[in-house]
Structure formats: C-alpha cells, structure tokens
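> Each chain, letter by letter, is given below.
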Amino acid sequence: MSAFIQYTVQGLAGGGFYAMAALGLAVIFGVLGVVNFSHGACYMLGAVAAAVLLDVLHVHFWVALAVVPVLLFLVGVLMERLLIRWLLRLDPLYNFLLTFGLSLILVDLVKRRYGVSGLPYERPAGLAGQLHIGSIGLPAYSVFVWLFSLLICGIVWLLLTKTRVGMIVRASTEDAERTRALGINVGRWVTPVFGFGIALAGLAGVMAAPFRAITADMGSNFVIILFAVVVIGGLGSILGAVVAGFLVGLVEAYGQAYAPTFAQVAIFVLMAGVVLFRPAGLFGRDESA
Amino acid sequence: MRSRKQAVVVAAAVCGSLALAACGGGGPSAAGGKLSNDKVVFGLLNDQSGVYKDLSGPNSKVAIQMAIDDYKAKYGAKAVAKTIEIVTADHQNKPDIANTKAQEMYDRQNVDVILDVPTSSAALAVANVAKAKKKLFIDITAGTTELTGKSCNKYTYAWAYDTAMLAKGTGAAVVKNGGKSWSIVYPDYAFGQNMNKSFTEAVTGAGGTVQQSIPTPFPNDNFATFITKAASTNPQVIGIMAAGGDLINFVKQYNQAGMQSKAQLAVGLMFITDIHSLGVDQFAGTTFTDPWYWNFDAQNKAWADKFQAKTGTRPSFAHAGNYSAAMNYLEAVQAAGTDNADAVIKALDGKKINDVFLRNGEVRSDHRVVHDVYLAKVKTKDQVKEAWDYEQIVQTIPAADAFEPISADCKM
Amino acid sequence: MTHPLQNSTNSSRSPEPDAAGPLRDGRHSPLRWVMLAVGLIAALALPWFIYPPVAMDIAAWALFAISVDLLLGYTGLLSFGHAAFWGSSSYVTGLVAIHWGVPFPLAILGGMVFAMAIAVPIGYLSVRRTGIYFAMVTLAFGQMIYFVANQLSDLTGGENGLQALPKNFFGVSSVETDAFSFYYAAIGLILLGIWAAWRIVHSPFGRVLVAIRDNPARARALGYDVDHYKIIVFVLSAGLAGLAGGVFAISHGFTSLEELNWTTSGKVVLITVLGGIGTLWGGPLGAAIVITLEDRLASSGFEGTGIILGSIFVLIVLLFRHGIWGTARDLLQRRRDARKGPVD
Chain C
1 MSAFIQYTVQ GLAGGGFYAM AALGLAVIFG VLGVVNFSHG ACYMLGAVAA AVLLDVLHVH
61 FWVALAVVPV LLFLVGVLME RLLIRWLLRL DPLYNFLLTF GLSLILVDLV KRRYGVSGLP
121 YERPAGLAGQ LHIGSIGLPA YSVFVWLFSL LICGIVWLLL TKTRVGMIVR ASTEDAERTR
181 ALGINVGRWV TPVFGFGIAL AGLAGVMAAP FRAITADMGS NFVIILFAVV VIGGLGSILG
241 AVVAGFLVGL VEAYGQAYAP TFAQVAIFVL MAGVVLFRPA GLFGRDESA
Chain D
290 MRSRKQAVVV AAAVCGSLAL AACGGGGPSA AGGKLSNDKV VFGLLNDQSG VYKDLSGPNS
350 KVAIQMAIDD YKAKYGAKAV AKTIEIVTAD HQNKPDIANT KAQEMYDRQN VDVILDVPTS
410 SAALAVANVA KAKKKLFIDI TAGTTELTGK SCNKYTYAWA YDTAMLAKGT GAAVVKNGGK
470 SWSIVYPDYA FGQNMNKSFT EAVTGAGGTV QQSIPTPFPN DNFATFITKA ASTNPQVIGI
530 MAAGGDLINF VKQYNQAGMQ SKAQLAVGLM FITDIHSLGV DQFAGTTFTD PWYWNFDAQN
590 KAWADKFQAK TGTRPSFAHA GNYSAAMNYL EAVQAAGTDN ADAVIKALDG KKINDVFLRN
650 GEVRSDHRVV HDVYLAKVKT KDQVKEAWDY EQIVQTIPAA DAFEPISADC KM
Chain E
702 MTHPLQNSTN SSRSPEPDAA GPLRDGRHSP LRWVMLAVGL IAALALPWFI YPPVAMDIAA
762 WALFAISVDL LLGYTGLLSF GHAAFWGSSS YVTGLVAIHW GVPFPLAILG GMVFAMAIAV
822 PIGYLSVRRT GIYFAMVTLA FGQMIYFVAN QLSDLTGGEN GLQALPKNFF GVSSVETDAF
882 SFYYAAIGLI LLGIWAAWRI VHSPFGRVLV AIRDNPARAR ALGYDVDHYK IIVFVLSAGL
942 AGLAGGVFAI SHGFTSLEEL NWTTSGKVVL ITVLGGIGTL WGGPLGAAIV ITLEDRLASS
1002 GFEGTGIILG SIFVLIVLLF RHGIWGTARD LLQRRRDARK GPVD
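In order, the protein sequences belong to chains C, D and E. Residue numbering for the first sequence follows the working numbering, beginning at 1 and increasing consecutively. Residue numbering for the second sequence follows the working numbering, beginning at 290 and increasing consecutively. Residue numbering for the third sequence follows the working numbering, beginning at 702 and increasing consecutively.
There are no misleading hints in this set.
Simulated pairs of lysine to any residue, SDA-like, Cα-Cα distance not exceeding 25 Å:
1) D/K599 <-> D/V645
2) D/K486 <-> C/Y258
3) D/K668 <-> C/L54
4) D/K443 <-> E/A880
5) D/K640 <-> D/A630
6) D/K439 <-> E/E877
7) D/K422 <-> E/S875
8) D/K670 <-> C/V52
9) D/K465 <-> D/A520
10) D/K328 <-> E/S1001
11) D/K439 <-> E/T878
12) D/K551 <-> C/I5
13) D/K486 <-> D/V499
14) D/K590 <-> D/T600
15) D/K641 <-> D/A587
16) D/K700 <-> E/W801
17) D/K551 <-> C/Y258
18) D/K361 <-> D/V376
19) D/K668 <-> D/G547
20) D/K420 <-> E/G802
21) D/K420 <-> E/W801
22) D/K668 <-> D/G601
23) D/K595 <-> D/N584
Just so you know, the hints here were simulated from the structure itself, not pulled from any lab data.
Produce the entire structure from the sequences given, and follow the hints as far as they go.
Written out as structure tokens, the structure is:
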C-alpha cells in the first residue's frame, strides 16, 4: 500500500511537468490556433537557462523559478513577432511545420554551444531527502513538484476565470470568430499569450533541471508525450490539458511500477482509445472535419 | 516554342546540378607498390557532434596524429609508411550513415583501416562493410559483444572493452569487496538485457545474490518508481545498467531520493565524461569499471599531459585506445612491410602488447584484445585535486579475469 | 474554413495551381513528356555522378517523400508518423531476405504488404481526426511502433539493428557485391513506385482526393465516403513508403530503429515540403538536396546539420510555401501569364 502511495505521488509529480507544459500548449492553441512543436525545445531551454544561470551568475533554483519564465516569455514574444505571426492566417499545419523547423534549430544551437553531455545542476537546498508521512517516505522533490505544479495550474485557472485577459482567452478558445465579432480585440493579446505559453514550458523546464538530465535532446521525446496529452485531453480544452497531463503522469508511473515493458506504449494505447471512442478528447468539443 | 525552350532550360539545370554533384568524387585508386597508393590512410569514423563527442569525437584525431608522430620518431628513415593521412567523418550515431561513410572511406578515400565507431549498431554495420571490402576495422568505443561473437570476422578487431568485461569486472569485484546483495535496474533493450544477464552471472558467480532485476523502459527520463522498487528489498548494492543521458537521469533522481547513503551504487557502463557532465558530487562513491584512466600511473599521466597540451582537456579511454590502435597498426605495417590487410592481420594476431593503453594486452584469435582493466570509485569533491581527477582506482582487474572466453558464436 | 496548405482569401499569393495537371486540358503537354524523359535519364544516370550508395538513398527517400506527398499535397493530410511504414517494411524485408533467402524484390514485396497491413488499423483510427490532430495522432502511433519494435528485440535485434541483409538478385553476383550494379537492379522498383503514385494522382480516384482536400464537406455532400477514401490513400501511401523502406534496407544491408523513429518521419516531411508539395517532382528534388547536403556535412566535420536543415525549412515554410519545385513552377506560370497579357 505504501508503495502504491509512493507511485501515486511520483506519478502526480511526473504529471505536473506534463500538465504545466500542456497548459501552455493549450493556451497557445486556444488563442492563436498554433500547435507549437517547439514546446519541447522551450522546455529544454528553460532547463538549460537554469543551469547556465547557476553556473555563470550563481543564480539558485528558487530565484531561477522566477527569472527563467520571464526570459522564456521574452523568447516567446520574439518567436511570435518574428516568425509565427506571418502564418497565423493560414492553416495551423504551416505553423506546426514552422515550429518543427524551429525546434531543430534550437536543439542544434544548444548542442553547438553546450555540447551534448548534459549540464550539471545542483540539488536545490531544502528539497533534498525525504518527507516522512507515517511510515511512508516520499522524496521531498516529488511532493514539491506535484504541489507546485498544482499551484501554477490553480493560478492560471484564476487568471483565466477572474481577469479580463483570461476571459478573452477562454472566449477565443471556444469560438474565435464570435469573440472577434463581439468587437473584442483579440489581436493585441496574441503576442503576450504566446509568450505566456512559452513561459509555462520554460517553468516546467526549470522544475525539471534538478531532476532530469539537462541535455539538448531532453525536449524531443517530451513534446511527443505532450501531444498525446493534448489529444487525450482535447486540444481546445484548457482544463483537459491539465487533467490529461496528470492522468498521463499517473499512467506512466503505474505502468512503470506494475507493467514496465508496456509503460511506454501504454500512453499511446490510451491515446488510441480516446481517439476511437471520444475523438474530440476527454474534455474537448466535437469539431467537424 | 516556349515549352521547348523551357524544356531545354530544365534539362540544362538537371545536367548542371548533376555535374555539380559530381564534384568531390574520387578517382580510381592507383595500384601501389608495397603500400596501397604509397600511403597509409586512417579513417576516423565517430560521433563528432552528438552524445559521444566528448568521449572520443574530434580529439581522437589528435590522438591518432600523436601515434603517427611517435611512429615516425621511432623509425625515422626506416619507416615503411612515409606518408600517413587521417580522414574523418561524423556518423551522428546513425548506423546507415556509418554504413555509407565506411563504404566511401574504403572505396573512394583509400582508407586502409577504420578506427573508433561508437554506438553498437553503427559498429556492427561497419564490421560488415569491412568484411565485404576486405579491409581493416578496429573498434574502440562500441561495447557490443557481438563484434567478437555472431558478427565476428577476420577484418574486425575489438580493441578496448566490451559489455561482458564490464559486468565481470564490476560485478565480481564489488561482491568480493563486500557488496553481496544486489538489486539490478536495467533498461529493457538488447544492451540492458545483456548487461543484466552478465551482471547476474558475475555477481552470483562471485558468491553474491541478485534480489531483483527490474526492467525499465528505454529511453526513459523518470526513474522514481524504479528506484523505489529497487530500494524496497534493502540491498547493499544497486546496479544500474542505463547509460548516457538515462544514467544521468537515474543518478540525479537516485540522489534526490536520498539513496546515496542507503546503498552502494554500481554502474554498468559509465565514462569519465559522464562524471564530468553531472558533477563529481552526484556520482561520489559510485563504482564502475574503466578500461583506462589517465591518472592511474606515471606512464598514463605523461601521455595525458601531452594530450592536454594539444587539446586542453584530459583524455578518456577512447582517446588512448585510438592512439594505441593506430600505433600498433603502424607497427604491424612496419613488421609486415606492407599495408595489405591480410599481411597486417598476420602481424597483429596473437601479439602481446604493453603500451600506454594496453597492459598485459594480447590480441586473441577472435580479435578481441584482452588487457588489464580497472575498478574505479568516483572521488568525493574534496578528494579531487584537478579537473578530470575523478577516479580512485580501487583495483586492477587482470586481463585473464576481465574478459569472457572466446564465444562459440564466432566462426571466422 | 481554411484548408490544409491552401492560402486563405486574405493572402496575396496566387491561387494554388491545379495539382491534377493534365486533366485540366485533357491532353499531355509536350513539356510534361520532356520533363518525364529528363527525370528518367537523371534517375538512370545518377550513380555515374554521385556515389552509388548515396544515389540509392536519394532514390529511396524520393519515393518515400512522394508517398507522404500523396497524403499531404493531394489529400490534405499531414502524416507525421510515416516512418512506421518505411521502417517496419525495412525490418520485414530484412527478415524475409534473411530467413527465406528469396530475391530481394520479393522480400521488399513482403515488407510492402506488412506496411499496408498495419496501415489499415492506424489509418482507420487516424482519419477520425483531421488537420493538426491527424498529424499528432500519426506521430504518436509512429512512436508506438518504434517502442514495440524495441521490445521485440529478439526479432528485430533491438538497438543493434538487423544486420547482414543479403542482396540476393536471382544469383547475379555483381549485384551482391557492387553498389553500382545494385542501383540498376533496384531502381526499377523505385520507378515502379513513382509510376504507381503518378497513376493514383492522375485517375478518378486522384480527383476525388483533391476534392476532399479542397472541400471535404462538399465531397461528402456529393456522396463520397470521405473517410473511406482517406483510409485507402493512407494504405496506398503506406505501401509506397514500405517499398522505399525495403529498397533502403537491402541497399544498406541492414536496418535499425532509427528508421522507425519520429525524427525519420520529420525528415521525410521536411524533404517533401522543401521539394514542393502537391507535385510529384518535389519528392525527388527535396531528397536530392537534403541527402547530398547531409552527406557533405558529415564528411566536412561541420556540427550544425540541424541548424542548416531547420533554417532552410523555416525559410521554405515562411517564404516559399510551395517548396522549390512549386515556387519555380509558380514563377514560370506567372511569367507565362504576364506575357499572355490581361485575361480576354
């Protein structure tokens, strides 16, 4: 039983990365209609930024948690202004391909500058060791990741429901044309929202830095799982992205614990099932072809 | 008519681009005297931009050049090989690129011997090309036992290490030093499965017990559940068979879970570059087997100093291995008086070698080069006196104990 | 609603050239025959100019790209998991060649059939979504096949790959040992595949595909079972990708998990878009450029292959959306229209 609880916490922690990043992906898609293939590369950039800041400026983890998302926000703004916006009027496939090309460039740039062996990153002070709840020992870091990602999702949820920007984002996600028809200037929010989505990916990257190998390729497999997450959750649904993120994290953890050989395939089998029985995703709206 | 004009333009464009593409093709090789093309050409085929770039990469060319310089200094005017060149190519750890580049090296660039080739699938592909072209291939950095097993052939040598030796080394030695109960975590693919099997045999053979063998997906970046599982039986040693990026993920999470104080960590396959990238303190106390360590004795250090003067960094076993292979190849050419592959093979087979890389080395009949290897423990941060001074050699594992006997699968 | 790979009315670009070519005027123009002849000559002459194994790679990737273009340019579906068919066929081809010792065209046929067989369930599930969803779903299924192949390492050799595949060609020994001769033995299969794609595109079936690409609702209203057509073209495309993958495997004498990885799916999409979508010439052109570029970069020791390919790709998607061939064709078309004068 205690093992099960440990696996659950670990699954929720792993799911936290997916949830945060998928949230960014969903917000970007909702407002811009862009499926950002470079989301994994941005996650990687967040982790690399944290490592570089630590190495060069001795910026510690807790400060990096605040600083790196801001940096990634700027990166996102640049991406949108220089590249993405030219293709926004076209089918989303174009921006999908553009961001794919972008991810190749970003990964290779990091490889050239920092090599491939991975960047070192110290364990953050205060998060080492285990928390003991009763007889169960849980790695403190897993608990932190789980709770922090829940917190971030909660904050974003508040932003979406309580602020004007959030209302515009949700309205645009549900029905972009009607939102514009109502006279709301969605256009001026496009750039900041894109930047915000990228910042979320970068935040997930910083969280991953003490936990995962910081290599140029760390985002490549991550983005594919992320796609499975949003297909399961429903691409147009922000809630769906978060729920599916945690769900996939749990499936991964339980799969690894109880059926390791199938763990990797399990997520795709789940996705296949969702596509078969609920093509719009668990929370998605049914879209016509 | 316009369409005919357009047709001519298109045809000219196609022919023009074909002609452009032809630039860079090589001519046929002239029949040489004693040396083919009157020179010896080394082909360095490895990963110049990816995960193994630091382990061998472009610096291996420096190592080979050092061998060439030492050979020339040794034999002076009596050297059989007066003109020696090195060509390099990056196979990006992709076996199809390695396959094509190897063919090109032998066919068009007059390469006499290919060196290095990390990544097992690439090495096996190159071994097949070497067999087909009847030219030499000396593998340094790939560890698959198949090179001297199912895929062995007379033109292929395995110079530095293989995965079976790692198991025999670390597994048996750690048990003898007191680590008797093990949990093994291994990635569920051919390499990991073989390592698990070899380690289980080595550990139980030395009198230890393997409490669990836990498969993990490959590749994988989240090991939390597997660490929990491995720790659940309270073993003295946890053996991790993941390599490269997965290993770093594992070690980070292992330390995160506070396991460093609970069990000894033994790593199946690890390179000094892994320690460098993750940081000594994360790996402190970890045990693994290294085919060669630069700071082991004065002879190694002297060579490492020369290497550092040229490259600014310390050599890994791969660099030293490339040096040794190149040097011994040239010695064989010297002894045979020609670079003809079959003659060189005759000069190499059965040879006993003691150089900076190989101690008590011998070229076995299956073309596996056996030599002393070293059980290493990663130092703690305060024990490290200079950059790359990460290893404390606990024990030398003699050649006779280190490697598996000749495989029955190898039919040359 | 915007449709894949067509410009919306806001754009200032000229309308998409009718990709169903000669059907427009009902006869084959002389230019088309000349281009076909030049293409055939180029295909047959290639190993004289380019190192034969690389030439074979170009030919195989060209067919692979054409198979992707069949879906992308003509049906409007971006498959980002096509390596599943290229790669799985390469393994089955290899296994058949090793275990049954048949001449390689038969082994490749076996690989093709397998690729088409797995395309049926994958296609059935994938076409339930369109556009970007289709791309993501196929990407995910492609990775699934990759992981399954990794698991079956006893059969596939796992990460060591499947090695030592024989080049059996009815006992002709020069084909087995010489890459130059092998090229001529194998190019026929590639040309057959390209011809099959050409026939698919220039047929009533092909016209329905274009109709589906341009306006699926209208196609459905006209009584066509859109999903049915999509699955059929998906399976045909998988077969062509399988044919290309089989040739690739035999040419190299081995295959590995790399051929199933999503990066291979990404590479063929890059080649297709670079060359030009909605045109059967785009595939060979894109393949020639990318493969020779990669080959040169590998020898030169240059480290940034991804930067170069990625940048080219970004430029193409931003500025030359119809790819190199398509853009060239547009320029020629525009010059032809300009000389014709205002529309009468």
